[in-house]
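Undergrad: Got chain A; can you put chain B on it based on the hints?
2 protein chains.
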Amino acid sequence: MGDDPKVVSADGFRSDGAAALEWVARYLEGLDQVAVSPSVAPGDIAARLPAHAPEEPEPFATILRDLDRVVVPGLTHWQAPGFFAYFPASASPPSVLGELVSAGLGVNGMLWSTSPASTELEMVVLDWLVELLGLPDHFRFASEGGGVIEDSASSATLCALVAARERALRGATLDRLTLYGTSEAHSSLPKGAKIAGFAHDQLHSVPVLDDFSMDPSALSRMVAEDRAAGFVPCFVLATAGTTSSMAFDSLEQVGAICREEDLWLHVDAAMAGSAAICPELRAFHEGLELADSYAVNPHKWLLTNFDCTCFYVRDRRALTDALSVTPEYLRNPATASGSVVDYRDWQVPLGRRFRALKLWFVLRTYGATGLRRHLRNHLALAGKLRERLEADERFLFCAPPALDLLCFAHVTGNAATEQLLRDVNDTRRVLLSHTVLAGRYTIRCAIGGAWTEEHHLDELWEIIDRLAPPVSAAAAGAPSP
Amino acid sequence: MGDDPKVVSADGFRSDGAAALEWVARYLEGLDQVAVSPSVAPGDIAARLPAHAPEEPEPFATILRDLDRVVVPGLTHWQAPGFFAYFPASASPPSVLGELVSAGLGVNGMLWSTSPASTELEMVVLDWLVELLGLPDHFRFASEGGGVIEDSASSATLCALVAARERALRGATLDRLTLYGTSEAHSSLPKGAKIAGFAHDQLHSVPVLDDFSMDPSALSRMVAEDRAAGFVPCFVLATAGTTSSMAFDSLEQVGAICREEDLWLHVDAAMAGSAAICPELRAFHEGLELADSYAVNPHKWLLTNFDCTCFYVRDRRALTDALSVTPEYLRNPATASGSVVDYRDWQVPLGRRFRALKLWFVLRTYGATGLRRHLRNHLALAGKLRERLEADERFLFCAPPALDLLCFAHVTGNAATEQLLRDVNDTRRVLLSHTVLAGRYTIRCAIGGAWTEEHHLDELWEIIDRLAPPVSAAAAGAPSP
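Line by line, the protein sequences are chains A and B. With the first letter of the first sequence counted as 1, position 313 gets the number 313 in this note's numbering; the numbers rise by one all the way through. With the first letter of the second sequence counted as 1, position 22 gets the number 22 in this note's numbering; the numbers rise by one all the way through.
Chain A with its partners taken away, still in its complex shape (with noise of 0.2 Å):
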């Protein structure tokens, strides 16, 4: 052992440290004039790699050249100010730094035990937000409830199903119980459903409203037919800000359905929920007192990186009956007490990162007040951006633009839309995405990049314009579907 390899020094850290940062650095600088979306075919970057792992260590200057060289030409720039795509990447400094720091602590905060700071920063950040975005009182910790940092919206509706399930379990066989939600829900329903062992006729889809939300009085009328056929309800997934369309379900009227129905009711808020820290915006909340858990994701549109998703619960106790395995390994005085919250028994893996960090950094560096500002800049743009589009003939809405997201078509058709969107997005200045509303292709523009300015709507609006037919010419082109 007198050959000890010093595998680690904070020295080598620190100097290969300052060529990260100087790395990310410039990355960020140039965000501005990359082109959003790479032009490679699938393997192209596979390609440039070698087959194997080197044998010998080589320098940290090699790794950040070939970063550079090899991998940068094949990403789609999720932080470019061009990016209006799915949702926004929502990095910024203090949450990139609050990563880098939860690293370089690496600890895991498993159990309270394990790390207790890492649990109980976690517990008061996710108390702060309670009051930022004027959640119910019952999502606290001072009431029955309270919150937790998931991975993603996807994991925190898997979790509300699995709790939902086993209270349900207690009087059915799982064969028997069913879950509702729309079309327009997240595809992390039915795959969370799935997961967690409901065949896939036990996911009942509710019809939706010409807005593309919920139809309260068809959940209710499905509930009772099901009821009579034999099922037993357990689980409504609601949606405050849908992805395709940024559709509100009424949370007023399907939590009273859920609470006269003895159903778990999800809200889902995962892009819209952000802007609730703006109180004037905070109306698609109304109801919100009436669920059972709630998923709301900084990393969409609150200045956090992902991963970063605020799942709140009314009933801690009935999430961590559903999650929680305790083998003998990880017994302690704390969990015995009673008087600790071990997280791991809030999620499906067992570790876990200190992510509060980066969430207690944003908070804190921007304050309140710099977090609705820029949620208020957003907005702004976007409304300049709609109006372009209302004042012209050749654009329609395809559902009510709401917050930061526009779902626009060219009134001649989907064959003008899918070109318009190919087009746009070939020019890899700007990055628009997709869905389909009522049988009409949808070109949807989410406005909520950190670094996003006035002028970058400005090019957006100057491409579209320039590459968005008459219609005449359009319509004579390509028929209307």
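Just so you know, these hints were derived from the structure itself, not from any lab. Treat the hints with caution; some may be incorrect.
Treat identical chains as interchangeable: a pair holds within one or across any two.
Unchecked claim - Lysine to any residue pairs mimicking SDA-like chemistry, simulated, CA-CA at most 25 Å apart:
| hint | residue 1 | residue 2 |
| --- | --- | --- |
| 1 | Lys6 | Leu385 |
| 2 | Lys6 | Pro54 |
| 3 | Lys6 | Ala256 |
| 4 | Lys6 | Val40 |
| 5 | Lys384 | His455 |
| 6 | Lys6 | Arg376 |
| 7 | Lys384 | Trp461 |
Computed from a predicted model, the values in this text were never measured in an experiment.
TA: Then chain B, alone, in the frame of chain A:
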């Protein structure tokens, strides 16, 4: 919008980043002096934090000051060289910097098309690891299989369970399926089974042999009996290096039964798997060619920070058939062509961080040679402590010492062992954890910390030697159980 808030800037990232980097460097420099575990009671840390989020922005320096003042005193320092509990933290400078770059890039590789290089680098690095660890070729992408990075071995077990369940459901109903693992299997097996909708009595506990490994003949018998009783056996979890005692189930014997009975064999090699990078330590992988899936955690023993579990499957279609749900807004030409890997279909969440970067950084920074030297050094350190314990009449091994794990007890019984563990941990210079093996309270000592050197093992032995009572005194004070 004239008052654009400019919430982010590369220069701000540079200056705050330098401060964060220096903070982490100093933290790492101080690891040798720190109290490994904190002296705090539940609620202590929370009480030192404000009850409300700040309304106005705060300077980064203030946040770092509070990190020192409030957070650090409440941490268990997983990277401290005296940390021998649970499993090693295994963070290293290149892995931490890989996490920094990943957060800085902020790309989301849910689909190949949402950031192609993120997916392809992960595929290549996972293929590299197949070769480095001597895993069967059927886990490479060139075959029908492939690998993915999950957050934890728990999630890998869940994904394997769901894939096995879906395959078995073609010929049976969920309530007839049965699963198998030993009492020594990780707690993520019963937890995963519960999440996946299996009732408690569908998971059958296979007896272990004297070395705590699975009794293959018992498995064979149980499967036959369950079939005779009308059940449909579907899944076996074999462990290559159990959490409690580093016991190795015979993959050859268990695998032969699984092949004959058409059961999905998942091999959990969370901690031990990394040792296979040294060819002379690979014997425990014999029979792995019979496995359907396999998981190893570089975040446990391969210098990579949590989270980084490498999960391999023989038949990637079995996995993606079980986990794929495609809404319109995620459809894209690359996916439709069938020529790409979309990693969202390999995991529970939809979104994903660019975790391959940190593993790439680690494999290149150390090279295979450096990683082998690192592991061999730990084994030499473990060997030296083992000799000391062996030569001392006060101690006995509760399980055969294997790789980096020593399981020992005071010969006079549980009371003396429990007291010794408390006394040793109360020094706060070191931290060990415990388990129970065949009714015997057992001290677990896992030697794999990146910062742990020979003199730390000497200090650990000095502490144990000083605090362990002589056989006569302990026997007089506390009778054997």
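Undergrad: Please go over all the hints and tell whether each is borne out by the structure.
TA: Evaluation of the provided hints:
no. : hint            : verdict
1   : Lys6 - Leu385   : between (57 Å within a copy, 20 Å between copies)
2   : Lys6 - Pro54    : within (20 Å within a copy, 42 Å between copies)
3   : Lys6 - Ala256   : neither (63 Å within a copy, 42 Å between copies)
4   : Lys6 - Val40    : neither (40 Å within a copy, 32 Å between copies)
5   : Lys384 - His455 : within (11 Å within a copy, 66 Å between copies)
6   : Lys6 - Arg376   : between (51 Å within a copy, 13 Å between copies)
7   : Lys384 - Trp461 : within (10 Å within a copy, 70 Å between copies)
In this structure, the earlier hints numbered 3 and 4 are contradicted, and the remaining ones agree with it.
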